[in-house]
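Spelled out, the chains give:
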Amino acid sequence: MTGWIDALIQGVLLGGLYALFAAGLSLMFGVMRLVNLAHGDLIVLAAFAILVVAGKLGLDPFVAVLLALPVLFVIGFALQYVLLNRTLGRDLLAPLLVTFGLSIIIQNGLLQLFSADSQRLRSGAIETASIPLGGGIAVGVVPLLTLLSAIAVIVLLNFIFYRTPIGRAFRATSDDLEVAQLMGVDIRRIFAVAMGIAFVVIAIAALYLGLRANFDPTIGPARLLYAFEAVIIGGLGSFWGTLAGGIVLGLAQTIGARIDPEWQILAGHLAFLVVLVIRPRGLFPRAQD
Amino acid sequence: MGEAATGPTHTFSIRTTGRASHAALAAAAIILLTLALLPMFAGRTLIQDLIFLFYMLALAQCWNLLAGYAGLISVGQQAFVGLGGYLLFALTLIGGLNPLLAIPIAGAISALFALPTALIVFRLRGAYFAIGTWVVAEVYRLAFAQVKPLGGGTGTSLTPAVTSSVPGLDWVKTMLDVRTPAARDIISYWVALALVVGTLVAVYLILRSRRGLALGAIRDHETAAASLGVDIYRIKLVVYIATAAMTGMIGALIYLQKARISPDAAFSVLDWTAYVIFIVVIGGIGTMEGPVIGAIIFYLMQRYLADFGAWYLILLGTLGILIMLFAPRGLWGLILNWRDVTIFPIRRRLGRVKEANVTLD
Numbered sequence: 019m020t021g022w023i024d025a026l027i028q029g030v031l032l033g034g035l036y037a038l039f040a041a042g043l044s045l046m047f048g049v050m051r052l053v054n055l056a057h058g059d060l061i062v063l064a065a066f067a068i069l070v071v072a073g074k075l076g077l078d079p080f081v082a083v084l085l086a087l088p089v090l091f092v093i094g095f096a097l098q099y100v101l102l103n104r105t106l107g108r109d110l111l112a113p114l115l116v117t118f119g120l121s122i123i124i125q126n127g128l129l130q131l132f133s134a135d136s137q138r139l140r141s142g143a144i145e146t147a148s149i150p151l152g153g154g155i156a157v158g159v160v161p162l163l164t165l166l167s168a169i170a171v172i173v174l175l176n177f178i179f180y181r182t183p184i185g186r187a188f189r190a191t192s193d194d195l196e197v198a199q200l201m202g203v204d205i206r207r208i209f210a211v212a213m214g215i216a217f218v219v220i221a222i223a224a225l226y227l228g229l230r231a232n233f234d235p236t237i238g239p240a241r242l243l244y245a246f247e248a249v250i251i252g253g254l255g256s257f258w259g260t261l262a263g264g265i266v267l268g269l270a271q272t273i274g275a276r277i278d279p280e281w282q283i284l285a286g287h288l289a290f291l292v293v294l295v296i297r298p299r300g301l302f303p304r305a306q307d
Numbered sequence: 008m009g010e011a012a013t014g015p016t017h018t019f020s021i022r023t024t025g026r027a028s029h030a031a032l033a034a035a036a037i038i039l040l041t042l043a044l045l046p047m048f049a050g051r052t053l054i055q056d057l058i059f060l061f062y063m064l065a066l067a068q069c070w071n072l073l074a075g076y077a078g079l080i081s082v083g084q085q086a087f088v089g090l091g092g093y094l095l096f097a098l099t100l101i102g103g104l105n106p107l108l109a110i111p112i113a114g115a116i117s118a119l120f121a122l123p124t125a126l127i128v129f130r131l132r133g134a135y136f137a138i139g140t141w142v143v144a145e146v147y148r149l150a151f152a153q154v155k156p157l158g159g160g161t162g163t164s165l166t167p168a169v170t171s172s173v174p175g176l177d178w179v180k181t182m183l184d185v186r187t188p189a190a191r192d193i194i195s196y197w198v199a200l201a202l203v204v205g206t207l208v209a210v211y212l213i214l215r216s217r218r219g220l221a222l223g224a225i226r227d228h229e230t231a232a233a234s235l236g237v238d239i240y241r242i243k244l245v246v247y248i249a250t251a252a253m254t255g256m257i258g259a260l261i262y263l264q265k266a267r268i269s270p271d272a273a274f275s276v277l278d279w280t281a282y283v284i285f286i287v288v289i290g291g292i293g294t295m296e297g298p299v300i301g302a303i304i305f306y307l308m309q310r311y312l313a314d315f316g317a318w319y320l321i322l323l324g325t326l327g328i329l330i331m332l333f334a335p336r337g338l339w340g341l342i343l344n345w346r347d348v349t350i351f352p353i354r355r356r357l358g359r360v361k362e363a364n365v366t367l368d
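So the sequences go chain by chain: A and B. Residues in the first sequence are numbered consecutively from 19, following our numbering. Residues in the second sequence are numbered consecutively from 8, following our numbering.
Derived by calculation from the structure, the hints in this document are not laboratory data. Given the structure is predicted, the values throughout are model-derived calculations rather than measurements. Using N, Cα and C, we set each Cβ at its ideal position, and we do this for glycine too. Incorrect hints may have been included.
Cβ pair distances, simulated, as ranges [as the list claims (entries may be wrong)]:
{"id": "1", "chain 1": "A", "residue 1": "Arg138", "chain 2": "B", "residue 2": "Ala35", "range": "55 to 63 angstroms"}
{"id": "2", "chain 1": "A", "residue 1": "Val295", "chain 2": "B", "residue 2": "Arg186", "range": "36 to 44 angstroms"}
{"id": "3", "chain 1": "A", "residue 1": "Ile277", "chain 2": "B", "residue 2": "Leu122", "range": "26 to 34 angstroms"}
{"id": "4", "chain 1": "B", "residue 1": "Ala231", "chain 2": "A", "residue 2": "Ala134", "range": "24 to 32 angstroms"}
{"id": "5", "chain 1": "B", "residue 1": "Pro167", "chain 2": "A", "residue 2": "Phe80", "range": "56 to 64 angstroms"}
{"id": "6", "chain 1": "B", "residue 1": "Pro167", "chain 2": "A", "residue 2": "Ala143", "range": "54 to 62 angstroms"}
So the derived list for chain A, only partly shown, Cβ under 10 angstroms to chain B, looks like this [stated by the list, open to error]:
{"id": "7", "residue": "Leu120"}
{"id": "8", "residue": "Leu174"}
{"id": "9", "residue": "Asn176"}
{"id": "10", "residue": "Ile178"}
{"id": "11", "residue": "His287"}
Please construct the entire structure, taking both the sequences and the accompanying hints into account.
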């Protein structure tokens, strides 16, 4: 029984990580209807960026990520402004294939720079620290911080979306691109800002990815699939839905792993397909698209 | 209305062929004959290279039909390549079936798997469909990694008993005076040639049919096509299942030739989807000629640049992005801008008799 309760708690905490993966994807879809096939690889890229900053300057990853955040915001802004804006407004194929190409470039670029060796972000005692809950169950500090960060990111994204001028522009372009442009919204800049914010979320996701487990240049596509599944399970267009989707996915994986360790990933995918069959628009849908 | 009735009447005709397509038909017959007789004088390396070229071209034609015409952009076609390969292994190793017979059966079973798969992934639209198909391919990969009789996660090999039971092996050995491995390659080569020609003919016939006209309409404007009475869902379903069957057969052939299978290789998104997409995009999506050009270019790049490893893949990704941004109709599109030629006559042009043709592409 204790084992099952433990699996449930760990599943919810793992869901926090998936929600962080998914929040960036959800933001890109929400504002510019962009489905980014390079999302997982961008998370891995950001993890390597934190690794380099932490290593070169001898900093703790939690401090290194603060230095990496503005840099990644600028990279995201530039990526959208220079490259991805060119693909929007045409058919579906252009953004999909450009981001797919990007995914292959990032993966192989990282392989070339860092080899296929597994890496890990090191942060001393906090990595292994845990809080005992009694009854033989303990909660790791890093997984708990992951979930709390996911909640903080979602509160912040909701604040930006519903309480700030730039958020109003985000919602306007999301609702009706043409009318927003008629009202004087510079969509090229708005999209670039949205991508910059998405990159900040990606950097936070990358921090916990690197702290919780090993990573190497090839693990990006699997993270993309988890992020995507969390977004769809939660329902398009709702950040809280994305958190719920991440938790459902995390629970499915830990329960699957509890039955047989080889079933962890498969159980997550199957849970996603079941939700797709029963509730094709997700658990908490908002967007009409 | 009355005015229209009294106005001049015109005679319209619909043409599909062009001068180049008549020449192409004659050339195709010669090329096909040459290719069929090639094992009599070609070396083993060339035969193996051509097998690779043929199955990549066949996969590219399938993906092009799916994405270029039916608007179903899948990044999960490796599901059916791997499924076909694993079915071949199951049918021959466990079922004791003749390998050449196993290929069409693998195709038929792939189609059976495609139906429930489609019913689930068709709930996702557009770009979400793409990632959904990828998830399904992962489910297939992880599921086959659990099948212990087929080697589980590490995979398995075809036994010599299976590989030497390919019909016609002795005949080829005595006729062409080659050893067993070379004879096996030659038979795989003929099967690959038959499959690529079969795929080209199948795609061509589909596009020339009534259904093909509907597909062209969907490609050009889905909403308009629906408003004219095209049953979009049904047509997409048919195309998805048909391409799954073809892709499954190609997968079966690929793994008969390789004689060794593992879940990671058989369901590789890079080998069976990324390369295929590259071929179609660089050649020209939504045309039959494009994938042919793309496959030849990809073959040459693979042959001469693949040793550069990661740099080669970075180059492929960059080229794909540049083509998508600056020449979205691919190399064949660039050729069309320069000269209006047709090799596969699948476009219907409306012409008023004795007047300049209006292209209805």
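A quick look at each hint next to the structure:
Checked against the hint of 55 to 63 angstroms, the C-beta distance between Arg138(A) and Ala35(B) comes to roughly 57 angstroms, which is consistent with it. Distance hint check for Val295(A) and Arg186(B): the Cβ-Cβ separation is about 53 angstroms, which falls outside the suggested range of 36 to 44 angstroms. For Ile277(A) and Leu122(B), the Cβ-Cβ distance of about 29 angstroms falls inside the hinted range of 26 to 34 angstroms, so the restraint holds. In this structure, Ala231(B) and Ala134(A) break the distance hint of 24 to 32 angstroms, their C-beta atoms being roughly 49 angstroms apart.
Distance hint for Pro167(B) and Phe80(A): a CB-CB separation of about 58 angstroms, consistent with the stated range 56 to 64 angstroms. For Pro167(B) and Ala143(A), the Cβ-Cβ distance of about 58 angstroms falls inside the hinted range of 54 to 62 angstroms, so the restraint holds. With a least beta-carbon distance of about 7 angstroms to chain B, the hint placing Leu120(A) at the interface is held under the 10 angstroms criterion. Interface restraint check for Leu174(A): the shortest CB-CB distance to chain B comes to about 26 angstroms, outside 10 angstroms, so the restraint is violated.
Taken as an interface hint, Asn176(A) does not check out: its beta carbon lies about 23 angstroms from the nearest beta carbon of chain B, beyond 10 angstroms. Nearest Cβ of chain B to the Cβ of Ile178(A): about 24 angstroms, over the 10 angstroms cut. The hint is violated. Interface hint at His287(A): satisfied, since its Cβ lies 5 angstroms from the closest Cβ of chain B, which is below the 10 angstroms cut-off.
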